[in-house]
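Colleague: The listed protein sequences derive, respectively, from chains A and B. In this text, residue positions in the first sequence follow the numbering used here: the first is 1, and each later residue adds one. In this text, residue positions in the second sequence follow the numbering used here: the first is 1, and each later residue adds one.
What the hints contain is simulated information worked out from the structure, not anything from laboratory work. Be a bit skeptical, because a hint or two may be false.
Heads up, incomplete: computed chain A residues facing chain B, CB under 10 Å, no partners named [what the hints assert, rightly or not]:
id, residue
1, K57
2, S124
3, K128
27 Å max Cα-Cα, derived BS3-like pairs, lysine-lysine [to be verified]:
id, chain 1, residue 1, chain 2, residue 2
4, A, K127, B, K160
5, A, K128, A, K36
6, B, K130, A, K136
7, B, K160, A, K15
8, A, K127, B, K161
Think of the CB as a built atom: it goes at the ideal place given N, C-alpha and C, for glycine as much as any other residue.
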Amino acid sequence: MFFNVKDVQQFQAQKDFIDTALVPLLSLDFNESKIKQSSSSAEFLMSLTAFVEQQFKGRLMLVPPFSYTEQTKNGLAVNLLKEDLQNAGFKHVLFITCDHTWTSNNEQLEVIWLPAIPLESMDSGVKKTILEEQLKQIIPKLTSKWFQS
Amino acid sequence: MSNNRVSRRQFLNYTLTGVGGFMAAGMLMPMVRFAIDPALQTKADGDFVQTSQKVADLTEEPVKVDFSYEQVDAWYTSEVTDTAWVYKSGDAVVALSPVCKHLGCTVNWNSDTEHPNQFFCACHGGRYEKTGKNVPGTPPLGPLDEYEVSEQDGFVMLGKKIANTRG
Chain A
1 MFFNVKDVQQ
11 FQAQKDFIDT
21 ALVPLLSLDF
31 NESKIKQSSS
41 SAEFLMSLTA
51 FVEQQFKGRL
61 MLVPPFSYTE
71 QTKNGLAVNL
81 LKEDLQNAGF
91 KHVLFITCDH
101 TWTSNNEQLE
111 VIWLPAIPLE
121 SMDSGVKKTI
131 LEEQLKQIIP
141 KLTSKWFQS
Chain B
1 MSNNRVSRRQ
11 FLNYTLTGVG
21 GFMAAGMLMP
31 MVRFAIDPAL
41 QTKADGDFVQ
51 TSQKVADLTE
61 EPVKVDFSYE
71 QVDAWYTSEV
81 TDTAWVYKSG
91 DAVVALSPVC
101 KHLGCTVNWN
111 SDTEHPNQFF
121 CACHGGRYEK
131 TGKNVPGTPP
141 LGPLDEYEVS
151 EQDGFVMLGK
161 KIANTRG
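Put together the whole structure using the sequences plus the hints.
Modeller: The following block contains the structure:
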């Protein structure tokens, strides 16, 4: 499910089944030297999460990405965000990011960290294979979450 | 010169009928064309999309076949990649849509070890038989959709989505 009217309506009707929220945490860096790399990892994260959404449409809602820069990062109350989503009826709230600084407080937040792969130079066939490979890394994390409950 | 000579009157008659005929046709043709236009319009959704899957390589075992087409959403044109599960059933080629009829997840063939030779949806454990028929007692309420299939130069061509005809 995407965060659009049609899907949200379906979520409201099927809360028993759609019980997982996937929140991308997107680091933006506008520094002259880092802006290109930052856009590349943003592109990767967006493509990947859209692909995850396609595979698990009926159980997972892909929340619009929460973006921050180095300076605004501290203002991002991710714990409260998780609480909000849980209050909305999502039993599982997972974060996904390419920014490795999130891995340090992994325990309480459940952040899936993936290294960004530059997709921009690849043709669509290779891109698809790469995304499928990355998806295989995420599936066990999702299913183990689902089997816990 | 032949014996039956054409008189001036005859010559003018012939030329006028000829030229008049062309003019009448020139006026009538567009009118007729406009009148029957709806019948001449090609239907875009009937188009078949070529895949890279050879018909000769297909077996009874469903394989994943990707195909892309362009989709226009307002001013935004994007290339959409879709997938189908394609297999041979006797001589016929069957292409099933991988979209689960429950809430739209993507189903996989043979991915659940407890129920081999079935399509399995990882989201809520929905299962479908090879024909696409939903297994009763699992969440899905209908069979998997099917794609229209044709063949060109030995490659599988996929058309529009239709309701399952096998389940």
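Colleague: Regarding the pair K130 (chain B) and K136 (chain A), is the alpha-carbon distance no greater than 27 Å?
Modeller: holds (24 Å)
Colleague: Can you confirm whether the C-alpha distance between K128 (chain A) and K36 (chain A) stays at or below 27 Å?
Modeller: holds (22 Å)
Colleague: Regarding the pair K127 (chain A) and K160 (chain B), is the alpha-carbon distance no greater than 27 Å?
Modeller: holds (26 Å)
Colleague: Are K127 (chain A) and K161 (chain B) close enough, with their CA atoms no more than 27 Å apart?
Modeller: holds (26 Å)
Colleague: How about K57 (chain A): closest beta carbon in chain B under 10 Å, or not?
Modeller: holds (4 Å)
Colleague: With the threshold set at 27 Å, check whether the alpha-carbon distance from K160 (chain B) to K15 (chain A) stays at or below it.
Modeller: violated (31 Å)
Colleague: Is the hint on K128 (chain A) kept, meaning its closest Cβ partner in chain B is under 10 Å away?
Modeller: holds (7 Å)
Colleague: Is the interface hint for S124 (chain A) satisfied, with its Cβ closer than 10 Å to some Cβ of chain B?
Modeller: Since chain B brings a Cβ to about 7 Å from S124 (chain A), closer than 10 Å, the hint holds.
Hint check: a violation occurs at hint 7 only; the rest are consistent with the structure.
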